[in-house]
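Asker: So the chains spell out like this:
Number of protein chains: 2
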Amino acid sequence: MKKLNIVLSGLLVASVGFAGENLMMKAKNAGLKPIPQSKLKLLKLVDDPANPMTDAKIELGKKLYFDPRLSKSGIISCNTCHNLGLGGVDGISAAIGHKWTANPHHLNSPTVYNSVLNSAQFWDGRAAHLEDQAQGPMQAAPEMASPAKSVANKVKSIPKYVNEFKKAYGENVKITFKLIADTIGVFERTLITPSRYDDFLNGHPNALTKTEKEGLNLFIDKGCASCHNNIGVGGTMQPFEVANKYKFENVGDFKGNKNGMVKTPTLRNIEETAPYFHNGMVWSLKEAVKDMGSIQLGLKINDEEAGKIATFLKALTGKKPNITYPQLPASTSKTQKPDMN
Amino acid sequence: MKKLNIVLSGLLVASVGFAGENLMMKAKNAGLKPIPQSKLKLLKLVDDPANPMTDAKIELGKKLYFDPRLSKSGIISCNTCHNLGLGGVDGISAAIGHKWTANPHHLNSPTVYNSVLNSAQFWDGRAAHLEDQAQGPMQAAPEMASPAKSVANKVKSIPKYVNEFKKAYGENVKITFKLIADTIGVFERTLITPSRYDDFLNGHPNALTKTEKEGLNLFIDKGCASCHNNIGVGGTMQPFEVANKYKFENVGDFKGNKNGMVKTPTLRNIEETAPYFHNGMVWSLKEAVKDMGSIQLGLKINDEEAGKIATFLKALTGKKPNITYPQLPASTSKTQKPDMN
Numbered sequence: 510m511k512k513l514n515i516v517l518s519g520l521l522v523a524s525v526g527f528a529g530e531n532l533m534m535k536a537k538n539a540g541l542k543p544i545p546q547s548k549l550k551l552l553k554l555v556d557d558p559a560n561p562m563t564d565a566k567i568e569l570g571k572k573l574y575f576d577p578r579l580s581k582s583g584i585i586s587c588n589t590c591h592n593l594g595l596g597g598v599d600g601i602s603a604a605i606g607h608k609w610t611a612n613p614h615h616l617n618s619p620t621v622y623n624s625v626l627n628s629a630q631f632w633d634g635r636a637a638h639l640e641d642q643a644q645g646p647m648q649a650a651p652e653m654a655s656p657a658k659s660v661a662n663k664v665k666s667i668p669k670y671v672n673e674f675k676k677a678y679g680e681n682v683k684i685t686f687k688l689i690a691d692t693i694g695v696f697e698r699t700l701i702t703p704s705r706y707d708d709f710l711n712g713h714p715n716a717l718t719k720t721e722k723e724g725l726n727l728f729i730d731k732g733c734a735s736c737h738n739n740i741g742v743g744g745t746m747q748p749f750e751v752a753n754k755y756k757f758e759n760v761g762d763f764k765g766n767k768n769g770m771v772k773t774p775t776l777r778n779i780e781e782t783a784p785y786f787h788n789g790m791v792w793s794l795k796e797a798v799k800d801m802g803s804i805q806l807g808l809k810i811n812d813e814e815a816g817k818i819a820t821f822l823k824a825l826t827g828k829k830p831n832i833t834y835p836q837l838p839a840s841t842s843k844t845q846k847p848d849m850n
Numbered sequence: 510m511k512k513l514n515i516v517l518s519g520l521l522v523a524s525v526g527f528a529g530e531n532l533m534m535k536a537k538n539a540g541l542k543p544i545p546q547s548k549l550k551l552l553k554l555v556d557d558p559a560n561p562m563t564d565a566k567i568e569l570g571k572k573l574y575f576d577p578r579l580s581k582s583g584i585i586s587c588n589t590c591h592n593l594g595l596g597g598v599d600g601i602s603a604a605i606g607h608k609w610t611a612n613p614h615h616l617n618s619p620t621v622y623n624s625v626l627n628s629a630q631f632w633d634g635r636a637a638h639l640e641d642q643a644q645g646p647m648q649a650a651p652e653m654a655s656p657a658k659s660v661a662n663k664v665k666s667i668p669k670y671v672n673e674f675k676k677a678y679g680e681n682v683k684i685t686f687k688l689i690a691d692t693i694g695v696f697e698r699t700l701i702t703p704s705r706y707d708d709f710l711n712g713h714p715n716a717l718t719k720t721e722k723e724g725l726n727l728f729i730d731k732g733c734a735s736c737h738n739n740i741g742v743g744g745t746m747q748p749f750e751v752a753n754k755y756k757f758e759n760v761g762d763f764k765g766n767k768n769g770m771v772k773t774p775t776l777r778n779i780e781e782t783a784p785y786f787h788n789g790m791v792w793s794l795k796e797a798v799k800d801m802g803s804i805q806l807g808l809k810i811n812d813e814e815a816g817k818i819a820t821f822l823k824a825l826t827g828k829k830p831n832i833t834y835p836q837l838p839a840s841t842s843k844t845q846k847p848d849m850n
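Chains A and B, in that order, are what the protein sequence lines are.
Heads up, the first sequence is in our numbering, so the first residue is 510 and it goes up one at a time.
Heads up, the second sequence is in our numbering, so the first residue is 510 and it goes up one at a time.
If you want the footprint, here are the derived chain A segments under chain B, 3+ residues with CB under 8 Å:
# : stretch
1 : 584-596
2 : 608-622
3 : 772-784
4 : 838-845
If you want the ones that stay clear, here's a sample from chain B, every Cβ over 12 Å from chain A, calculated:
# : residue
5 : ALA649
6 : LYS756
7 : PHE757
8 : ASN768
9 : GLY807
Only pairs whose alpha carbons sit at most 27 Å apart, straight line, appear in this in silico DSSO-like list of lysine-lysine:
#  : chain 1 : residue 1 : chain 2 : residue 2
10 : A       : LYS843    : B       : LYS828
11 : B       : LYS828    : A       : LYS846
12 : A       : LYS846    : B       : LYS795
13 : A       : LYS846    : B       : LYS799
14 : A       : LYS550    : A       : LYS537
15 : A       : LYS572    : B       : LYS829
Please keep in mind that the hints were generated in silico from the structure rather than gathered at the bench.
The structure presented is a predicted model; accordingly, all values stated were derived computationally and were not measured.
Think of the CB as a built atom: it goes at the ideal place given N, C-alpha and C, for glycine as much as any other residue.
Whole structure, please, built from the sequences with the hints as guidance.
Answerer: See below:
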């Protein structure tokens with residue numbers, strides 16, 4: 510009897526393992542791909558050959574990312590809306606910026622984590638790269654409200670920043686608004702969060718629990734992976750309201766890009782990035798899963814299925830890079846004063 | 510000749526060294542004290558026996574300090590106005606809080622660094638301890654605008670926070686608003702920034718440059734140290750406008766506590782904490798030094814003297830503790846939603 514038990518449990522393990530491997534193949538066939546384990550492959554994936562990563566650029570980019578003085582008021586940084594302690598978001602429906610102005614289209618701040626994996630940036634995909642994206646909110650009146658020239662002048666007025674730019678780009682560096690945004694982009698490219706889901710796809714069938722595997726299986730079978738795929742588990746431009754209208758379609762005036770396409774959010778760290786959808790009107794992950802079934806796939810995902818899919822999605826919560834909070838160089842008498850108006 | 514030079518330079522070194530030691534004694538006699546070098550002495554200085562520091566409390570306090578969800582809007586944390594990357598301040602004249610409301614008394618946010626060394630908290634000294642202080646801005650309508658009960662309920666709705674409270678205070682912990690503020694206080698007690706000035710007072714005469722020593726000497730001779738003394742180089746309640754009126758006295762309605770006393774700011778990291786004075790109307794450190802000579806001491810500090818004193822004051826810029834940006838536990842369906850109104 511003891512022996513039989515051992516044999517049976519051996520068979521069970523083998524069968525779970527086999528199921529795991531089957532599911533792994535199924536996921537790969539559905540277009541799901543892990544964050545590479547190899548550091549070299551990862552670097553190749555996230556680095557921009559036009560402005561290759563160095564420690565000096567990353568560290569400087571981090572400072573700029575956290576520096577509220579880049580805003581007109583001096584109190585709003587990139588990290589205000591893309592908070593690295595809160596899944597890379599602000600946790601509110603529509604972003605709030607300068608003078609407490611809500612995003613005029615009632616748009617929700619997307620996460621900065623893994624955003625380098627997106628094929629385009631912004632909900633309407635209007636920026637091709639993180640570097641282009643970073644230029645937007647700094648200047649936008651309802652966000653950081655700082656003209657490009659102000660941002661560059663502020664940075665140039667701080668000798669320690671100038672030195673760091675020299676260290677990063679050489680003695681003859683010309684500090685421009687574009688280079689500031691590019692440097693922030695370099696830092697953002699490092700914000701990758703590998704998860705148990707990646708371990709699973711990288712060949713560790715036991716990295717996911719039984720329910721998570723069932724959730725992943727449903728995620729593929731229901732068709733979620735037809736938009737949420739590739740390494741980003743999202744991040745590409747897709748049509749919206751394919752089968753049905755979104756119940757909060759009238760909140761804000763966002764209708765996608767000129768072709769009606771919307772950037773599918775990454776589902777990585779989705780557990781941490783409520784509220785959901787472009788206008789941030791849905792707070793429950795399970796509800797969001799059901800809504801997407803109806804809106805995009807024209808099918809009813811029942812409560813149990815949505816629960817399992819949500820359980821799987823929580824396995825996408827990744828390990829965040831360790832970030833030492835930066836000490837920002839002091840302003841000088843030449844630094845433009847904050848303006849709250 | 511060569512020998513004479515050597516002898517002379519030896520004498521010069523000895524004389525500078527001697528001057529350094531004399532100045533050290535003079536500084537101590539003027540009531541200036543260093544941050545202790547001994548970790549045990551430092552701990553004794555900053556720890557509160559009523560709620561002794563532990564790693565678990567410090568780490569939890571740090572999370573709460575950085576968590577904007579403690580505010581009504583969900584986007585303002587302690588760190589918004591007391592930014593640990595910016596000398597522990599916001600760098601604006603009057604604090605801006607919920608709904609972009611300026612501090613109604615036009616009060617400037619004091620630094621959190623070394624604030625445990627203050628004999629009282631707030632500009633009017635109305636809080637005796639950091640823990641009492643922390644309760645204020647969280648609830649104040651123009652700051653974080655969050656009723657005490659809301660703050661406690663938000664924290665209690667997040668199981669990972671509950672676990673951390675259990676780890677810090679034991680299984681039977683009752684999470685109250687007071688305990689949340691107390692835990693933030695524990696973290697704030699660790700924010701001590703030793704500087705070259707402390708090295709000097711701790712027996713290293715060459716830790717300050719010649720000009721810095723001249724500045725320190727003037728700082729004592731002019732009488733600055735009569736208010737800015739002890740370990741905090743400030744932080745006690747003192748009369749204001751002793752000799753003359755402050756030129757911006759009409760900006761805001763702050764007139765000190767009921768006895769007209771004002772908390773003297775710490776001068777530690779003063780280089781990083783412009784703008785100066787209770788209503789943040791002066792941006793230049795040199796100008797602030799001159800103003801204080803006139804307002805408090807009834808004497809004219811000339812440009813050269815003010816320059817030397819400012820140079821000395823920059824030697825008070827201290828080494829900040831290394832802070833890993835915290836990963837905050839995710840909200841749940843029970844967590845009260847942010848309210849921007």
